[in-house]
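First to last, the protein sequences are chains A and B. Residue numbering for the first sequence follows my numbering, starting at 1 and increasing by one per position. Residue numbering for the second sequence follows my numbering, starting at 1 and increasing by one per position.
Simulated from the structure, these hints should not be mistaken for laboratory data. Quick caveat, the model's predicted, so the values are computed rather than measured. For glycine and all other residues, C-beta sits at the position ideal for the given N, C-alpha and C. Hints should not be assumed to be uniformly reliable.
Covered by chain A, according to a simulated footprint, are these stretches of chain B (three or more residues, beta-carbon under 8 Å) [claimed, not checked]: (1) 40-52; (2) 69-77; (3) 156-166; (4) 192-198; (5) 213-222.
DSSO-like mimics (lysine-lysine), calculated; alpha carbons at most 30 Å apart, straight line [claimed, not checked]: (6) 67/B with 253/A; (7) 244/B with 259/A; (8) 137/A with 378/A; (9) 259/A with 67/B; (10) 253/A with 244/B; (11) 137/A with 153/A; (12) 244/B with 258/A; (13) 377/A with 137/A; (14) 67/B with 258/A; (15) 328/A with 153/A.
Sample of chain A residues with no beta-carbon within 12 Å of chain B, all distances over it, derived [claimed, not checked]: (16) 94; (17) 136; (18) 143; (19) 215; (20) 217; (21) 218; (22) 241; (23) 269; (24) 270; (25) 310; (26) 324; (27) 327; (28) 402.
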Amino acid sequence: MTASKNNKVSTGIDRRGVLKGGAAAAGAALGSGVLGAPMIWAQTIRDITLNQAGPSYSVISDITAQASADLGFTINPQVVDTGSLMAKVVNQPETVDIADLEFFGLQKVYRSGNIRPVEIDRIARWDQMTPLMRDGKSFDGSALSEQGTLPFKVIYTDDASSTNFAPEATGFTTCVPTIYNADTLGIRTDLVERDVTSWGDLFSPDFEGRTALVNIPQIGIMDAAMAMEALGLATYGNKGNMTQAEIDVTIDKLIELKKAGHFRAFWSTFDESVNLMAAGEVVIQSMWSPAVTAVRARGLACVYQGLQEGYRGWGLGMSLMSHLDDMKRDAAIDYINWCLDGWQGAFVGRQGYYSSVPETALAAMTENERGYWYEGKKATETILDPYGAVMEEAGRARDGGSIQERMGNIACWNTVMDEDRYMIRRWNEFISS
Amino acid sequence: MSGSKLVPYVQAAPLAIIMFTMVGIPLITVLVISFWDSDGISLYPMFRWENYTEILSRGLVYDLFLKTFIYAAITLVLTILIGFTCSYFLVFHVKNLKWQIALLLLCTVPFWTSNIIRMVSWIPFLGREGLFNSTLIQMGLIDAPLDFLLYSDFAVILTYVHLFALFMLVPIFNSMAKINPNLIEAAQDAGAGSWMILRDIIIPLSRTGIALGSIFVLTLVMGDFFVVRVMSGGQSASVVSAMKNNIDQLYYPQASAMAIMLIAVVLLIVAAILRVVDIRSELAK
Chain A
1 MTASKNNKVS TGIDRRGVLK GGAAAAGAAL GSGVLGAPMI WAQTIRDITL
51 NQAGPSYSVI SDITAQASAD LGFTINPQVV DTGSLMAKVV NQPETVDIAD
101 LEFFGLQKVY RSGNIRPVEI DRIARWDQMT PLMRDGKSFD GSALSEQGTL
151 PFKVIYTDDA SSTNFAPEAT GFTTCVPTIY NADTLGIRTD LVERDVTSWG
201 DLFSPDFEGR TALVNIPQIG IMDAAMAMEA LGLATYGNKG NMTQAEIDVT
251 IDKLIELKKA GHFRAFWSTF DESVNLMAAG EVVIQSMWSP AVTAVRARGL
301 ACVYQGLQEG YRGWGLGMSL MSHLDDMKRD AAIDYINWCL DGWQGAFVGR
351 QGYYSSVPET ALAAMTENER GYWYEGKKAT ETILDPYGAV MEEAGRARDG
401 GSIQERMGNI ACWNTVMDED RYMIRRWNEF ISS
Chain B
1 MSGSKLVPYV QAAPLAIIMF TMVGIPLITV LVISFWDSDG ISLYPMFRWE
51 NYTEILSRGL VYDLFLKTFI YAAITLVLTI LIGFTCSYFL VFHVKNLKWQ
101 IALLLLCTVP FWTSNIIRMV SWIPFLGREG LFNSTLIQMG LIDAPLDFLL
151 YSDFAVILTY VHLFALFMLV PIFNSMAKIN PNLIEAAQDA GAGSWMILRD
201 IIIPLSRTGI ALGSIFVLTL VMGDFFVVRV MSGGQSASVV SAMKNNIDQL
251 YYPQASAMAI MLIAVVLLIV AAILRVVDIR SELAK
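Chain A extracted, bound-state conformation (with noise of 0.2 Å):
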């Protein structure tokens, strides 16, 4: 055992050695970033454990693995919904090293003070980070939507102890966007009848009874309002901020639509949603991506539906805890410099997710899979998820197409709104009504 975990670590530093020389030559000004790093020893680092926590689509046991071989220290993943997540960042913020919080939660949260900002100096990719992520800007420079929490809003602050978010970009990040999607909602082909265009089929009375929304109230109120404002049930100002009255209109329709027996269920965890739609108690309802890949991978038509009027978009990043020492600082940050080497992205992106550095992503990609899962390009040949699953036939294109399609299509962000406890209130109302 301890034979094996030193050969694994002698192997790990020569990778590590590896992966500095390469990206000390991508760039010069990155450079000094990693030469300047303190010097730490061999015999220390292995005693290093960071506890990487995170939702299921970010914290990743294969990943964390490899990049423990690669890294020469342990990461430990412990994966925790976004809102139990947040409740650790808060309260028990020791229990957590690097906190993989949706930008949603990290708005809610960071004001706690117990995320420390990175200099993004250390960062050795920055530069090479989406403009989604990085700059606010959609691909050809165009804005991005500002409706709910833009990540550009809260990826920024104004020095290392600030509890603030900066309105522009500035010299230190409050976490390192890694993996973003555009959601849409998941349809079963083979048992609707028709076409799904439009959000506002969500409410259509063709599915009814054979609808669910996610139990997410920040998440599923937008979707619910995707599908009012599709209907022209209603407009909003904002619909990542919404008023209380907007609130009202929404839940009240919810309420109605759910004494009228519409919806079969609201669904709380991943694994629910893929039994709701695989064993056809459902035909469209809230869906993650790779929740659409896991009811394909039984054989059974479900398609990620583009809709005319956008996707709700989505991203994550990992942020250090206040509490790390120098030395776990620096192995967090190597850390979460390795994940944007491109392994990382390419794991993620095999399940449906964007890496926030395309480039290498798409580099540690075959060229089947880069224009099947970021070009849009029919497969030519069988797309294999992560773990080795048939994903889909060759032949076959991504739903919703490329990723500028989809993702330069955002309607709204997931967030969270000044009303929040409003809407929490009338959203417990609209699930025991």
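Starting from the known structure of chain A, arrange chain B on it as the hints suggest.
Coordinates of chain B only, in the frame set by chain A:
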């Protein structure tokens, strides 16, 4: 003399200390926090009734309590029926003690696996494309699957009864087994019919068990959120599931206020049961 007076206190001290640290302090904390304010991150110590008035001024909490009461009442009736009939069978029809014990153990077999597995195993059975519906359709009894079987109040109560029936069965069995057979024989000799024996002897003498079982079942149902969430498919909420929503969103004071109200209501119910049946003196018999 003073030493002998102290002895009972010393004897009670270990339990008292454990109860105070493990139950008392957390409860006091919940009570205190229920008066605080929160913005979803920080807690602001203060004394204000707003968490309570906010909850009480909205219809939600009454609906939740009503819903929870309905679940509890139906579950109670069904578990008493099942628990009583099973015990009756075990005690009065199975005369052999070995068989009695063997059959009672048999009742506990499902409890050897976890609650969650027993609950979740209903889902593929009751679902729209589940075993039950597809069997009925194949037999030609129904044309379309029965939706009410899953993600409904029916599913929630079915699961409660399944999960909690044993908590009713065992106490009732226990008090029924204590009934002196001579008493029943005497009643028969005096000309009582079996219905009269049941009404005037067996039910009154089993009431300790029924009361104990009721306390178990009521507190279990009133404190549940997981069964409601999973089996109603998130369609229904209980008092605790609303609390859980508040906790998930870091609104601890609101959740605490709900918790205090729930504790008060459950205490009232238990007190009412104890008023009807003096469990302590009955158990001492």
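We went through each hint and held it up to the structure:
no.	hint	in the structure
1	40-52	holds (count 3)
2	69-77	violated (count 0)
3	156-166	violated (count 0)
4	192-198	violated (count 0)
5	213-222	violated (count 0)
6	67/B with 253/A	holds, 22 Å
7	244/B with 259/A	holds, 23 Å
8	137/A with 378/A	holds, 28 Å
9	259/A with 67/B	holds, 15 Å
10	253/A with 244/B	holds, 24 Å
11	137/A with 153/A	holds, 11 Å
12	244/B with 258/A	holds, 21 Å
13	377/A with 137/A	holds, 24 Å
14	67/B with 258/A	holds, 16 Å
15	328/A with 153/A	holds, 28 Å
16	94	holds, 17 Å
17	136	holds, 24 Å
18	143	holds, 29 Å
19	215	violated, 5 Å
20	217	violated, 7 Å
21	218	violated, 9 Å
22	241	holds, 15 Å
23	269	violated, 10 Å
24	270	holds, 14 Å
25	310	holds, 26 Å
26	324	holds, 21 Å
27	327	holds, 29 Å
28	402	holds, 34 Å
Consistency with the previously given hints fails for numbers 2, 3, 4, 5, 19, 20, 21, 23, ordered from lowest to highest.
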